[in-house]
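Please build the complete structure, drawing on both the sequences and the hints.
Number of protein chains: 4
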Amino acid sequence: MIKVGIVGATGYGGRELLRLLCAHPQVTVTAAASTSVSGDALADELPAFAKLIDLEFETFDATSLAARCDVVFVGVPGKASMAPVAALHEAGVCVIDIGPDFRLQDLALFQKYYGVEHIAPELVQKAVYGFPAWYRDALRQAEIIAVPGCYPVSMLTPLRPLTDAPVSGVPIVIDSISGISGAGKSLSQAFHFPEMNENLKAYKIGVHQHIPEVEQELLNRFTIQFTPHVGPLTRGILTTITLRPETLFDPAPYYACYADEPFIRVLGAGKTPDINQVRASNFCDFGWVCDERTGNIVMVSAIDNLMGGTAGMAVQCMNIRFGLEENTGLKWAGMAP
Amino acid sequence: MIKVGIVGATGYGGRELLRLLCAHPQVTVTAAASTSVSGDALADELPAFAKLIDLEFETFDATSLAARCDVVFVGVPGKASMAPVAALHEAGVCVIDIGPDFRLQDLALFQKYYGVEHIAPELVQKAVYGFPAWYRDALRQAEIIAVPGCYPVSMLTPLRPLTDAPVSGVPIVIDSISGISGAGKSLSQAFHFPEMNENLKAYKIGVHQHIPEVEQELLNRFTIQFTPHVGPLTRGILTTITLRPETLFDPAPYYACYADEPFIRVLGAGKTPDINQVRASNFCDFGWVCDERTGNIVMVSAIDNLMGGTAGMAVQCMNIRFGLEENTGLKWAGMAP
Amino acid sequence: MIKVGIVGATGYGGRELLRLLCAHPQVTVTAAASTSVSGDALADELPAFAKLIDLEFETFDATSLAARCDVVFVGVPGKASMAPVAALHEAGVCVIDIGPDFRLQDLALFQKYYGVEHIAPELVQKAVYGFPAWYRDALRQAEIIAVPGCYPVSMLTPLRPLTDAPVSGVPIVIDSISGISGAGKSLSQAFHFPEMNENLKAYKIGVHQHIPEVEQELLNRFTIQFTPHVGPLTRGILTTITLRPETLFDPAPYYACYADEPFIRVLGAGKTPDINQVRASNFCDFGWVCDERTGNIVMVSAIDNLMGGTAGMAVQCMNIRFGLEENTGLKWAGMAP
Amino acid sequence: MIKVGIVGATGYGGRELLRLLCAHPQVTVTAAASTSVSGDALADELPAFAKLIDLEFETFDATSLAARCDVVFVGVPGKASMAPVAALHEAGVCVIDIGPDFRLQDLALFQKYYGVEHIAPELVQKAVYGFPAWYRDALRQAEIIAVPGCYPVSMLTPLRPLTDAPVSGVPIVIDSISGISGAGKSLSQAFHFPEMNENLKAYKIGVHQHIPEVEQELLNRFTIQFTPHVGPLTRGILTTITLRPETLFDPAPYYACYADEPFIRVLGAGKTPDINQVRASNFCDFGWVCDERTGNIVMVSAIDNLMGGTAGMAVQCMNIRFGLEENTGLKWAGMAP
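Chains as they are written, first to last, in the numbering used here: chain A, 2 to 338; chain B, 2 to 338; chain C, 2 to 338; chain D, 2 to 338.
Derived by calculation from the structure, the hints in this document are not laboratory data. Every value quoted in this text rests on a predicted model; they were computed, and no experiment measured them. The beta carbon of each residue, even a glycine, is placed where N, CA and C say it ideally should be. Do not take every clue at face value.
[Said to hold, decoys possible] Have a look at the derived ranges for each label pair, beta carbon to beta carbon:
(1) C/Lys113 with B/Lys272: 46 to 52 angstroms
(2) C/Asp41 with A/Tyr204: 19 to 25 angstroms
(3) D/Ala81 with B/Ala191: 21 to 27 angstroms
As structure tokens, then:
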């Protein structure tokens, strides 16, 4: 059994991790650190875990966690994971971070989009981007794993195999719609139930912090015009990408890259996914339509934002890192209804 | 008091019309025809109207309706309004059609997108497109008014004033998200509650029947790449338009066109709307972001699909046609929460 | 035109009042006081009202409001309306309060359930409970009107006519389900969208502050066992009442009391309402089932909690108070879908 | 590995079973029978299962299924499982039925509430009611297991331990609110998304077919007044029970019965559950409030209706029947958000 610790288990991403790890057949959850509720029984704070996990929340202590765990997951808000990740790494334990702090290799872009200077620049280079399809070998011996963002997974899955394709130089238009869980647990008037139910809106148009992450992982081959939207649902991201190929669109790279991927499903031409087929699962499904009238390709991808790009992908990375079968604890079809 | 009749009051658009007309201070609802429930008390079929309207549903009879009404609204599904509109026009009464049958001037496109031949081609030319901002004068004496579609209103409001603007020739990318009421009252597995709740999907990519309507009203100046989506809400359309201007974007045409429009609100640069501010109202609100990094303009518009582009706009057209103050019975702010 | 002012227009109840008053054909909204946003344009704070109301929010000043208004609506949270209502009354203007501060005649119960001492006990006696069916005459000359609570309207409408009926002495079991707008605009973790979507819960079991209000208006003839619930919707209250009659149940009092009520619809035996038929309307609909197997009567009532028991009933009271037709500005059928 | 077959995997209950069985570490899904889609690849019909299950749907054939399976789950609508269960039993395989056909021991009540005569009365007696807390020993060797209904689980969990308690003879009032998935996959106007979103209603008041099932399992000690409601959510049942004890309420039986139950959590006095803590899990959580003012006890229980009382409980029964650890494949905390 792999002994795992978790930092920040009361946030949405951390809680989802706990849910997966608690049911994972080769894992024992050894420690849960959450300074704000330190000393409380986990099941008092999170009653869904009563009769499943018998732990108390503890104050974060890197040395203590490193001594008791084979791997520690960090699920704290953006900009707040730099410090604990660095401390845990220093203490000698493998770290899997579901936040954004170790994803951007260009530290100037990190500072621009996150508004703070990075405190552990040397570790950014050490961190492996947790996208198994492209970094599987590196993940096997990674000391720090930076799990991709949720929007990025929904964009990179269909776009990364096209980095060598003949695509027009105009920015690729990407409109995503996300469930509200992506905005986290912190309160805001915008996400008060009566203001978000039956509502839709766009936000952070052209300035979302996931833009440089995506462009980096597209090898800076494309510029993206990204408009995120939120709608009245809890989980799920649907991403629609409009691409202008310069020659006939060739989907061969998809099958070459993804035939054996356990959690990527290429639906093919004329088929596009919905959230139902991926909810509560680790899958990213995508398909496309070739619009002969306009000459464009319209691609649509779907993920569960708390699984793909967050907790599910983090567990997949752990499975790879520790030599388990890659889909252990993740053999879940989309939950629908 | 204007005597109005309504054909098809049990569908979603017709029912919303009835709601507005019932509260309209200068209207008497004189007749409601719905062959499937003919003879039933309206309030038995639609209990929300008990103590408000005391009518029986009647079988459709153009001559009888024309004799008793100053204007008849037709709210039946696409392809089914050609016949009653023609009969009512023949019988000499003003007709306001909220369906698509009299919107497309190019009959070949009608046949291509709706799959049937038009049975009243000469009336198509007579029909006035019910978009007050551009057809107000023609509406004052229209005999047949074809109320625009809901998606078209959300696209045309921000795009029509730009038909002379210097915009790149690449297709304009338009992604809309609609509430499910737009799909009407007919049952389908796709819109069974448990399959649509918490769900999102794209549909009819590049082939939606509103595409030629929009391109016609953009004077065939632009090609649009339109991807409609549905999400887990009842009312509302949010439309995101990505435009590539060839020179600096100039919003002056908006202010020139819309300063005095009672139901169009130009939010300006850096501001984009949500559904809350237009729900249950006749407004179309829009704003935009100039993305200097990419050189694009991203515009977002919001309407309530059962009001703007359907029942509300139909009543606005009636007000114009009968010389009433244009916002009579429509002075409603967005309902939120 | 009646000149109205509104205090607290940014909360949910106040905003709904503003929506109704703005469209009311015999009202001019003259002033909107909201100290927290004083000086801001109303349409900046509430963009849904742009092109409809051209006012600035002002600091609350009873004398100034009284000088400019025929009536002032107060829509601030519970316990916060005592002071402004008293000041406005002192300044000589008619006041309609949608909060709870002037509903409970027994000041000891007020203190017990609201946790504070009343600051204007003499005005409590002066206030008229704004339930037109039973207080219509008193409302015609009321100086202070205390609009009933939303849960109370849903319970009192079916129960008040039974105060003389032979009903068992066991407490009447009342389970209500409310939309989240009833909890107001203030943020709380419990009503953060992702925590309330797809969720249901009971709260304040047996201790809700509306219990003494309902028992008072049932003339202390019944004890009620009231369990409120919240579910994932914005508007609406569905109330289910289980009653144990001692003799054959006789619905005659309903027809005697409500035949001419403009906003109460008695559905009769075997018919029960849903929220759809009352949403965005001022109606309270109710019906019942006689269960011969158990000997009980199960009644179900439905209202829109922001209309019935809040803004709609407040406008109805104003119409009565100022001699207008009682349903002016309120002739709305339930909005569905 | 246990070889399982499933009949009716395209309905909501059957699909959820498939989701659980597919991830169950000691199960191989060997066959899926669904006559309407016989011959289709399972993953074409249910794209969520692509890359997880590689089977074709087959026509129902009891002998063939019995030859290839250790146990067959039947997940077809009420009244339609009698025949396949009988055929499978005859063919010699263990059967677990998630429908209602083998739950009611009193065949006259079956005929009264389901409207048909039972075709296999002798098997009704043989069937074991799949409520582990009370029938665990019988389940170990059951040939036919009748999994309880979803509403019954939410009522019986808090009530069954009280069958010897001193409770008043008046009917126990039970109001439940269910998600729409409980109504199944069949289309109806009532559950079309726009008619159920933002809606609430009561239905089958006093005549729901689960009433005799619950009274049977309460050993006919109590009469229940059951009013089911539906609300705008997909999964979950919240049940509120108002009980009138004749002496001081004693919760000791709960702790005696449930201390070691893996999926029942007694929250205690003053604590009541919400759906969040049980969603997508097999738990039934409940708590209560003693209302000193009225002398009543108000209990609230929560389950996920597709897990507790359906697929989750069915898997739990299988685990017991085949000697596995009882929570194998079911160690899931409630999914929230």
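Going through the hints against the structure:
1. About 48 angstroms separates the C-beta atoms of lysine 113 of chain C and lysine 272 of chain B, a value consistent with the hinted range of 46 to 52 angstroms.
2. The beta-carbon spacing between aspartate 41 of chain C and tyrosine 204 of chain A, approximately 22 angstroms, falls within the hinted interval of 19 to 25 angstroms.
3. Distance hint check for alanine 81 of chain D and alanine 191 of chain B: the Cβ-Cβ separation is about 24 angstroms, which falls inside the suggested range of 21 to 27 angstroms.
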